[in-house]
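Once you have looked at the hints, place chain B on chain A.
Respectively, the protein sequence lines represent chains A and B.
Per numbering that gives the first Met the number 0, residue 0 is the first one in the first sequence, and the count goes up by one each step.
Per numbering that gives the first Met the number 0, residue 0 is the first one in the second sequence, and the count goes up by one each step.
Derived by calculation from the structure, the hints in this document are not laboratory data.
Treat the numbers as computed from the prediction; the structure is a model and nothing was measured.
Honestly, I wouldn't trust all of these hints.
[What the hints assert, rightly or not] Listed below are the simulated SDA-like cross-link pairs for lysine to any residue, each with C-alpha atoms no more than 25 Å apart in a straight line: (1) B:K389 / A:V183; (2) B:K377 / A:R191; (3) B:K357 / A:S266; (4) B:K389 / A:V187; (5) B:K512 / B:E495; (6) B:K377 / A:V183; (7) B:K357 / A:G126; (8) B:K389 / A:R191; (9) B:K389 / B:K404.
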Amino acid sequence: MMRLKERNERSGLGLKLLLTPEFGILIPILIVCVITTILKPNFLTWKYISSILVGSVFIGAATMGESLVIMAGEIDLSVGMNGCLAGVMCGIAASQWGLGLVPCVLICLLTGAVVGALNGVCVCYLGLSSWITTLATQFICQGLAVTISQGEPQSIASLGLSSVTRAKPLGLSWLFFVFVLLIVLLDVLIRRTRYGYSLRSVGGNQEASVMAGLNARRIKLIAFILAGTFAAVGGLFDTLNAGAANAAFGSGREFRAIICCAIGGISMTGGAGSAFGIALGVLLFHTLWYCLRILDVNTNLQLVLIGLILVLSVIMDIQRKRLEARKLV
Amino acid sequence: METNYVLEAVNITKRFPGVLANDAVCLNVKYGEVLGLIGENGAGKSTLLKMLNGIYPSGSYEGSLVLEGTEIKPSSPLDAIRQGIGYVPQETNVLKNFSVAENIYMSNLRLESLQVQGRHSKNPFVDFGKLYQACTELLKDNKIDLDPKADVRKLSVGQQQMLMIARALATKPKVLILDEPTTSLSASDVESLFEVVRNLKEHGTSIIFVTHKLEEILELTDRVTILRDGRNISTYKKAEYDTMRIIADMIGRQMSDLYPTRDNPVGEEIFRVEGLTVEHPYIANRDLIHEVSFSVHSGEVLGLGGLVGAGRSEVCSAIYGMMPLKSGKIFLDQKEIHIRTTEDAVRHGISMVSEDRKRYGLNFSWDIQKNIVISNLKAVSHACFVLRQKIRGRAEPYFQDLRIKAPSLNTRVATLSGGNQQKVVIARALNTEPKVIILDEPTKGIDVGSKNEIYQLINQLSATGAAIIIISSDLPELIAMSDRMVIMAEGRVAGELQKDEAKEIRIMQLATKTFRNEEKREQQAAV
Numbered sequence: 000m001m002r003l004k005e006r007n008e009r010s011g012l013g014l015k016l017l018l019t020p021e022f023g024i025l026i027p028i029l030i031v032c033v034i035t036t037i038l039k040p041n042f043l044t045w046k047y048i049s050s051i052l053v054g055s056v057f058i059g060a061a062t063m064g065e066s067l068v069i070m071a072g073e074i075d076l077s078v079g080m081n082g083c084l085a086g087v088m089c090g091i092a093a094s095q096w097g098l099g100l101v102p103c104v105l106i107c108l109l110t111g112a113v114v115g116a117l118n119g120v121c122v123c124y125l126g127l128s129s130w131i132t133t134l135a136t137q138f139i140c141q142g143l144a145v146t147i148s149q150g151e152p153q154s155i156a157s158l159g160l161s162s163v164t165r166a167k168p169l170g171l172s173w174l175f176f177v178f179v180l181l182i183v184l185l186d187v188l189i190r191r192t193r194y195g196y197s198l199r200s201v202g203g204n205q206e207a208s209v210m211a212g213l214n215a216r217r218i219k220l221i222a223f224i225l226a227g228t229f230a231a232v233g234g235l236f237d238t239l240n241a242g243a244a245n246a247a248f249g250s251g252r253e254f255r256a257i258i259c260c261a262i263g264g265i266s267m268t269g270g271a272g273s274a275f276g277i278a279l280g281v282l283l284f285h286t287l288w289y290c291l292r293i294l295d296v297n298t299n300l301q302l303v304l305i306g307l308i309l310v311l312s313v314i315m316d317i318q319r320k321r322l323e324a325r326k327l328v
Numbered sequence: 000m001e002t003n004y005v006l007e008a009v010n011i012t013k014r015f016p017g018v019l020a021n022d023a024v025c026l027n028v029k030y031g032e033v034l035g036l037i038g039e040n041g042a043g044k045s046t047l048l049k050m051l052n053g054i055y056p057s058g059s060y061e062g063s064l065v066l067e068g069t070e071i072k073p074s075s076p077l078d079a080i081r082q083g084i085g086y087v088p089q090e091t092n093v094l095k096n097f098s099v100a101e102n103i104y105m106s107n108l109r110l111e112s113l114q115v116q117g118r119h120s121k122n123p124f125v126d127f128g129k130l131y132q133a134c135t136e137l138l139k140d141n142k143i144d145l146d147p148k149a150d151v152r153k154l155s156v157g158q159q160q161m162l163m164i165a166r167a168l169a170t171k172p173k174v175l176i177l178d179e180p181t182t183s184l185s186a187s188d189v190e191s192l193f194e195v196v197r198n199l200k201e202h203g204t205s206i207i208f209v210t211h212k213l214e215e216i217l218e219l220t221d222r223v224t225i226l227r228d229g230r231n232i233s234t235y236k237k238a239e240y241d242t243m244r245i246i247a248d249m250i251g252r253q254m255s256d257l258y259p260t261r262d263n264p265v266g267e268e269i270f271r272v273e274g275l276t277v278e279h280p281y282i283a284n285r286d287l288i289h290e291v292s293f294s295v296h297s298g299e300v301l302g303l304g305g306l307v308g309a310g311r312s313e314v315c316s317a318i319y320g321m322m323p324l325k326s327g328k329i330f331l332d333q334k335e336i337h338i339r340t341t342e343d344a345v346r347h348g349i350s351m352v353s354e355d356r357k358r359y360g361l362n363f364s365w366d367i368q369k370n371i372v373i374s375n376l377k378a379v380s381h382a383c384f385v386l387r388q389k390i391r392g393r394a395e396p397y398f399q400d401l402r403i404k405a406p407s408l409n410t411r412v413a414t415l416s417g418g419n420q421q422k423v424v425i426a427r428a429l430n431t432e433p434k435v436i437i438l439d440e441p442t443k444g445i446d447v448g449s450k451n452e453i454y455q456l457i458n459q460l461s462a463t464g465a466a467i468i469i470i471s472s473d474l475p476e477l478i479a480m481s482d483r484m485v486i487m488a489e490g491r492v493a494g495e496l497q498k499d500e501a502k503e504i505r506i507m508q509l510a511t512k513t514f515r516n517e518e519k520r521e522q523q524a525a526v
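Bound conformation, chain A alone (with noise of 0.2 Å):
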């Protein structure tokens, strides 16, 4: 054992990435890019993998946020129609009350925000159940957001970005390069701020976080507004891709986000879990849907193999931190 750990200290980061949990998530993604290849050989082309990486920023919004709730060990079911809710204000915004793109986007974060605060209001200072309370919210945002929109598509084509929304700068949409710069930020948030150490912190034992002076109802309170806005993030990729706002938008998108967190290495029981692992879960998610969808795969079964991949992630989550603890020993 001292001898493989002296072998990893000398064969520098190669080996060091290829030890990290992240990089099992790299494995099946690349066993399902094979399998799609044989069964479609054009499948390697710029179009499909463009096609791949600019559709997972949708879910990959609603992930990050649920990765924040879930290494604080609660649950966010909110974060889908949440999203949904902060699209349409958004579309109301512009077609009803000809705002502004600032203003609009402003809106927009804003709902997500504070539909967020309601979930951690209730949950951190109340006592209710995150799984309770979030699933009251994702209710209340659906109806809302039928509600407010009347269930009419809610056009932005008065902010005049259809011509922005069209640019594709390196091929790829610039909804992408947002969403690399958002899976960025939140790694410096996790893993270099005062508040990403307090939150894995509580997420690991709350009670040991509190007796270290820590304000757990606080770091939780945060995590769920931040759950919450990027939830709205979402909505408005949703809202900005499609060029209108539509409250049929992120439904059952919680259960997917939840999903991708369980893939990319969020711990389920909270504390641990990195940005990184975030992007992948959230690629191999997509890239997995997207290559059953292309190859014709009945509906059906896409939800049984979905199933199916989740349990294998889980399952070797679970070998990897028995390993992990045995060579602890």
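Showing chain B alone in chain A's frame:
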């Protein structure tokens, strides 16, 4: 093979990767005797017990177990129970939603083992009449004072411990293993536990009694086996008991004195509470703690004494911002401060080490250094960014000063022994540079060597002028370590004792004081 042993463990060797946890350990228990098993944390006691009760299945270790002359190979805890080895773990794990009787017979609700052979009941329903009857008899036979129908949630820790023992006894074990049963018990609970053990012994059950407390060995056991570093060191008969020799065998060196002396002067008053009152969270018109007042001076160690449940921990939790105050004031350096959260407390320079190490202790998936610095991230950050290179530098002095035994600062705390985990918890509390330190049962469940180190640490802290409040159920420890004592009973201050008047009898008198008359008067006044 000698027949006067009921259980023999012969040359047990258990290896973990890189660690030899048990090295040819032998243990034998005579019929109807109480065998003490003592040793520091990490001496291999728990490992040995886990093999006896089947948690480490037969085959995962070398050596053999012999029960009443025949070799047994317990493959699981259930198997060990069937063979006749009962085990009561250190931590109580009762089923809180069930009654006492249901807890005791949970694995055997149809009482099959009690029925006459060949008359197996096919009734799929639980016969509660019979269940309660069987339970009542069991409790009566063993002189355990519990109500079979009682709600387990309402039981005290001591009663829960008795329940655990009753549960083990329901399987009619030949050998009963009690793993540090007294760790969380008050003096009176310990006394009733001893009664139960003596009664069992009279009825022929053999008992392995694992403990850290020497007095218990001296008082209760017939023989004692001492383990150190996974090896048998010695076994003494009752007639040969000698405290110093047992301690020396345990720690592998002579210890001059368990309680080091302290001679630093006591300075100005720096901390004071006045009329601290906390309402009972569930029962109306009752206070958990009522009008508690005391003060602590710089360089002074104040002992909070009293029985378990007297409200000592609650006082500290209230000061530390973990319980809302109904009334009362807290003064630091003669200025009133308001504490609503633990964050406020830490900011004002108050730090606390909780008695429940498992629950309030550490982030077990983290390493030592992160667990230490988490209490004061400001000290290792610039603006809102944590500087990773500073973490090590911040944690290192505490790691050295507290003599935490671990390969490095990067060792995960889950792999440390109890004593070393406790040191990490203390290091984390000290990392906030507190003026007032509250230590709630700081030496609970840790070995003599580590205890001594923690006492020395307390003395060093008080020499730097910190005010220390210490809670302890271990009376000799409390008397030796504190300069002054505040004894609590029923959530109130029963009296204050200076060091020279602190005798165990005096403390117990105060600790068992009742305030029923005062309560009545207050209630009448309120009406």
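Hint by hint, which ones does the structure fall short of? none
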